[in-house]
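Asker: Position chain B relative to chain A; hints supplied.
There are 2 protein chains.
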Amino acid sequence: MAVNLVPPDPARLHRVAGVDLGVAMAGIKTANRKDLLVMRLSKGAQVAGVFTRNRFCAAPVVLCRKHLRNPIRALVVNTGNANAGTGADGMRRAMQVCAALAAKLGCRPQQILPFSTGVIMEQLPAERIVAGLPRALRDESDWLGAAEAIMTTDTVPKAASARVKLSGGEATVTGIAKGAGMIRPDMATMLGFIATDARVPAARLRAMVRRAAEESFHCITVDGDTSTNDSFVLVATGAGPAAASAKDLAMLGRAVTGVARELAQAIVRDGEGATKFVTVRVERGRSRDECRRVAYAIAHSPLVKTAFFASDPNLGRILAAIGNSGIEVGNLSLYIDDVLAARRGGRNPAYREEQGVAAMKKPEFTVRAVLNRGRTDATVWTCDLSFDYVRINAEYRT
Amino acid sequence: MAVNLVPPDPARLHRVAGVDLGVAMAGIKTANRKDLLVMRLSKGAQVAGVFTRNRFCAAPVVLCRKHLRNPIRALVVNTGNANAGTGADGMRRAMQVCAALAAKLGCRPQQILPFSTGVIMEQLPAERIVAGLPRALRDESDWLGAAEAIMTTDTVPKAASARVKLSGGEATVTGIAKGAGMIRPDMATMLGFIATDARVPAARLRAMVRRAAEESFHCITVDGDTSTNDSFVLVATGAGPAAASAKDLAMLGRAVTGVARELAQAIVRDGEGATKFVTVRVERGRSRDECRRVAYAIAHSPLVKTAFFASDPNLGRILAAIGNSGIEVGNLSLYIDDVLAARRGGRNPAYREEQGVAAMKKPEFTVRAVLNRGRTDATVWTCDLSFDYVRINAEYRT
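Chains as they are written, first to last, in the working numbering: chain A, 1 to 398; chain B, 399 to 796.
For reference, chain A alone in the conformation it holds in the complex (with noise of 0.2 angstroms):
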């Protein structure tokens, strides 16, 4: 039960010139069922990435980072299986996936960057993917198709797409994404991948991953488990026009971001049990750091995620959710949508409880903290914390 997310319309998602894009059902781990995605690059792409901070990362994790120092020409994405905590085995069998891509598309096998989501410690089914190979190469799909073949357990497709003028012309955003939150027991991953056919200098479009992964993918949680093959790859075909001016990088890494952020988002709104889709925002802090960590403390603590899945405006647990992250809450002012709830660390005599559940019925609120400490602001979108939640994690293989 996704909070306010549809499948997105085709129509809206624009193609990306020097991209195509091919899917096919290569039997991973079911039959019938949409699991390999290739996008192949056109010459001279540059291709930037994102990888989990997680140390127990899984081997197409650790291939990317390598492979990413040399001209990419595909990426290869395939569900039913993480190959994470598979050992040099695993590796082997990551690079024998890329080694078959390459051979049918004439490059090295380094020129190809693989992701694998789905079950943890389980052997990789490399002949089943290379078999599948031939078939995702024929199709042309759209980004529809290949945002919902990436899919494991989200429950709705996740695609996104902007178009933005440059100088030398319009260039196009298109991006795809699968969640989060570890999703399902052995399904870990959120995947990423974000493509424009504009022309980006390598050192740019690297920082133009990093700055949307920070304002977007970095900014979600929904159960504060951080996967062990989280990726975000920024793509670059250059096909289209230039980015070269620092006014023409800034409109385009706006759209990157905001492609992303959008994605990012939807992977939260389909978070395991979701019901509500609830942005944190902190204000006035004395850095970033401080305000992140004080969104985080909100977002993370089961008391306060249970009491916005109760639509509980439950001061004392946000409240002592900020103390937990070392912040004094004397001078504090919060805030559920426009309703100020609490200030100067105690409640609001103004306010009344039933303004509080008002707000927190709805699908969507914000809970804004005020710490009036600084001048520096973060903003956190989380889900809430239901039975929906423990069911899917708990009886999925029982």
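I should point out that these hints are in silico values taken from the structure, not numbers from a laboratory. Incorrect hints may have been included.
Facing chain A, according to a computed beta carbon distance under 7 angstroms, are these residues of chain B, among others [stated by the list, open to error]:
1. G483
2. A486
3. I518
4. S643
5. T704
6. V727
7. N746
8. P747
9. A756
10. D786
11. V788
The structure displayed is predicted, hence computed values, not measured ones. Glycine included, each C-beta is placed from N, C-alpha and C at the ideal position.
Answerer: Showing chain B alone in chain A's frame:
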């Protein structure tokens, strides 16, 4: 539904010379319920305490920290209201209770330690507590009665007792506690009180309470939320034998830590919705901090905790949680009780999932992570994340 926890046998809870207990029904929140405890201490008693690190701490915690500079004559504990998030008025009301009790005992208000647990962000009904004091002072309670009087949503009263032979004779150590996990919506507090009749120098007692907390209350987690009122106080009345020699102090310290640990574990066994009591042991790390960080990463992961609930030996989730704590897991071994489930960061080839399920089906088991990076160990006790956790925390006020 507490895990392997029954009410303590009153015959095994030894009286502590120099401590007089009295309880009363003061009608603080609910009528006909023991909600007030007064512990009078004999003259010359030494008292030391450790308190919540939450910056949003309650008025009584602020006062306790201050009053501990003086010789303490009594502790007063109320349930039904936490006096947290109550500002200057909350401080005034807590002092009003101290002053009333001090007047009756013929001492200064600064010689009273106040403790409150219950609803957050509502003003303390100090007048009801003051009105209840004469009855509590007339009452003669045993330790079980005292344990019952400080319960809020605990399902089982928590008390433990030990005797220890010192060079000057046998000393008694008896304590009570209430849970934990910020319990129900507005019920926020872990309280622990331990008393011994031994005579202990003030500085030694302060070291003893810190050490005991470090090995007990600081090693438990239900949901990772530190409450606003957490307090743990150790009293040494001096009515019994002296603990002067290093050996005596070590013996007594061990007994105090043992009682504290029993109380701390009882809090986890009675955690919200708990159906499993899980010991998380991390071995062969580089430092205690590192081992603790890994243990808490496991014990706080909602995905791991729901797997505990489901008796699902989900190795991937546990290794991912460890990887999230920033530890390289390539060399790690993982045991569920005595079953070697993973080694060198991957599945143990000889491991069969039935073995893991069999171990985790029990109401108590140990998850043991051997990091193979150093020589230090740490242990944390936790419980699972069940439907009832969500129900208790979501449905309380709806």
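Asker: None of the hints should be skipped; say for each whether it holds.
Answerer: Results of checking the hints against the structure:
1. G483: holds (5 angstroms)
2. A486: Violated - the Cβ of A486 of chain B stays beyond 7 angstroms from chain A, reaching only about 9 angstroms at its closest.
3. I518: Holds - the Cβ of I518 of chain B comes within 7 angstroms of chain A, reaching about 3 angstroms at its closest.
4. S643: violated (40 angstroms)
5. T704: Nearest chain A Cβ about 4 angstroms off; hint holds.
6. V727: Holds, about 5 angstroms.
7. N746: Nearest chain A Cβ about 11 angstroms off; hint violated.
8. P747: Violated - the Cβ of P747 of chain B stays beyond 7 angstroms from chain A, reaching only about 11 angstroms at its closest.
9. A756: violated (14 angstroms)
10. D786: This interface hint is violated because 9 angstroms lies over the 7 angstroms limit.
11. V788: It holds, given that the least Cβ distance between V788 of chain B and chain A is near 5 angstroms, below 7 angstroms.
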